[in-house]
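Asks: What follows is each chain in one-letter form.
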Amino acid sequence: MTTAAPHAEANSADPGSTDAVLGRSARARAPRLFGTLTAKILAIVFVVAIFAVPLNIGDSYVLTVLTTAAIAAIAATGLNLLTGYAGQISLGHAFFVGAGAFSGQVLGGQLGLPFLLWLPLAALFAGALGALVAPFALRLRGPYLAIVSLGLVYIGIYAARNLPALTGGLNGTVVTAPVAIGPLDFTSLQIGPFLLTREQGMFILCWVILALVLLATANIVRSRSGRAMQAIRDHDLAAEVLGVRRLPSMMNAFIVSSVLGGLAGGLLGVQLQYIRPENFGLDLSIQYVAIIVIGGLASIWGPVLGALFIGLVPVMAIWLSNYLPFIAKPGEQSGVSVSGFGLIVYGVLIVVFLLFRRGGLISFFHRPARAPRAPAARAAASDPAPGESTTQKEGPSS
Amino acid sequence: MTDFLQTLVSGIALGCLYAVLALGFVVVARASGILNLAQGSFVILGAYLAYALIHQAGLPFWVGVVIAMAAVAVFAVLLEALVVHRVTDHFAALLVTFGITIAVAPIVTAIWPGDSLNLDDPWALEVIRIAGIGITARDATLIPITAVLLLAFFLFFRFTRIGLSLRATAIDSEAAMAQGVSTRFVFGISWGIAGALGAFGGVVLSTTVGGGVRPGLEVYAFLALPVIILGGLESPLGAVVGGLIIGVVQQFAVSLVPESWGSGFADVVPYLVMLVILLIRPAGLFGRKEIRRA
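Protein chains in written order, with this note's numbering: chain A, 5 to 402; chain B, 19 to 312.
Calculated from the structure, these hints are not laboratory results.
Wrong hints could be hidden among the right ones.
To be verified - Now the in silico label distances, taken between C-beta atoms and shown as ranges:
#, chain 1, residue 1, chain 2, residue 2, range
1, A, G39, B, L290, 16 to 26 Å
2, B, A75, A, M320, 29 to 39 Å
3, A, Q114, B, V92, 48 to 58 Å
4, A, G196, B, G132, 54 to 64 Å
Even for Gly, the Cβ is constructed at its ideal location relative to N, Cα and C.
Construct the entire structure; sequences and hints are all you get.
Replies: See below:
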């Protein structure tokens, strides 16, 4: 510990070392990926469940709902990086999802590229579009991104409708892009003696990709660039004084979120098997906003929880229509339609969570923060105890 | 020449509508700095209330419109006092107001179902001819009414005590408070104005040919967003000038752009104008360049 090696343990309290001068104490290190033992165990349970659930549930409807939720969670994780961690509201995430879906079909279906090539390329295409738009939208502080991204949705639908060679125009297109990694075809997966259905294969594929996305996002968030985004969100002026540049940091968040949107779009196209420009309108953007606000802004698992919840809303609406007269049964005209019921639920819950529970659904699972040290700190402030006060009070005493 | 003037007049009529919708956003943005996406709910609520009052209750057209405007203004004031005022930061306020529009629109369209409800406006399809230019009776009525409305609005801002407190709060809310201006009152007033303007905009939107009171009107309120970028987020004058510019540009796009550019090009023109403005003059025509001090 006392050796003067340049990269000694970061928590060595040697006052003369450069680490101490630059404030690189143990606290300034990136947070751990899995903070607690519980988190590690839950992550293992999650990975096991990805394979255990589809093998034990044969019902294709349930599997389809869950797979769609995983795809929504991938897109929402991207939006959460931008809105939750970087503090920029986008109402146009559906634009990037649509870009990924249509470019996925062009690359995988029309050009016949293999899965491992077309899906990343589709995601990168969406990211490139994000990089084109970002300088317009992020130059100014304020709600500009929300407005520009709303415009993107309409420009995107116009473009998709008028490029029939690529998107099928008004009629849309059947998605024929392959979903196979080498001999592993996810539409008819063979595990040992079992032949899995398309729904089971897609479930495994989408949830595995979601798990990888979550891992990547957790690492981005705890890395320098991720902490830079959060610093700009919390106090842009203070962050800039500390050497974090605002525009590059925000563009970074925006481009990564577009890439994840495109990735989700490519998968959504394969999952739906038939896509039209209208699929990627404002309603889809609203869903993603609802997912992150209801699930939990600026949390890794929030979008997953939110996506599962949002996926259940239409199912609930159809079930409730048997009991509540004001919800129209499928095919009926009177009352609130199932999609309308969904919008009401999203809108009301966005308002309720932002007013009363900013942490979203995920915050119900978090343990309450450690018992507040406020009384002790107050006592220390009025009667500074030697030794203790230096660790709690910073700055103002000087 | 006549074609040119014809398009210009229709463009101005469309621009008046944009100006009204944009002013609704600007009034609230000036007072409290919030981009109020609940404006969409004011538009659709105003249009459907007007339908209920005029078509279902049988009131005369203008009486119904005025009552609908007043009712939506009350709704807006209550919304601000009960919901939006509890939110402390602009980030959450934008999402909350967006959530309100998402939730209100399907409720309203479920109460009054139908794809296109007739508002019984007094103009039908009449066309007035002035020097060879055909102006629909609707445009001929709406342009002066909007002009009077906007003029009244500016006189109110410029010459009344409440207008003064609105402007003072816009410049520096803390200093205004220190001078005895109640910011809660100012927020309430500005939301009320925004509600009334939104309801009027909704009625105007519903009287377009082949339109009617219909689902999706709330999204049309967002057509004013490019206008406020063009005019400057917090500038009422910018909202009017920007609205007229975008209205005229869009109308010329409808008549001049060739078929090969595809269907729906005119609908995205406002957004394309917005992108150009953000590139060359991001603060807008009448916006102030932001200067920040610590």
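Asks: Among all the numbered hints in the text so far, which are the ones the structure does not match?
Replies: 1
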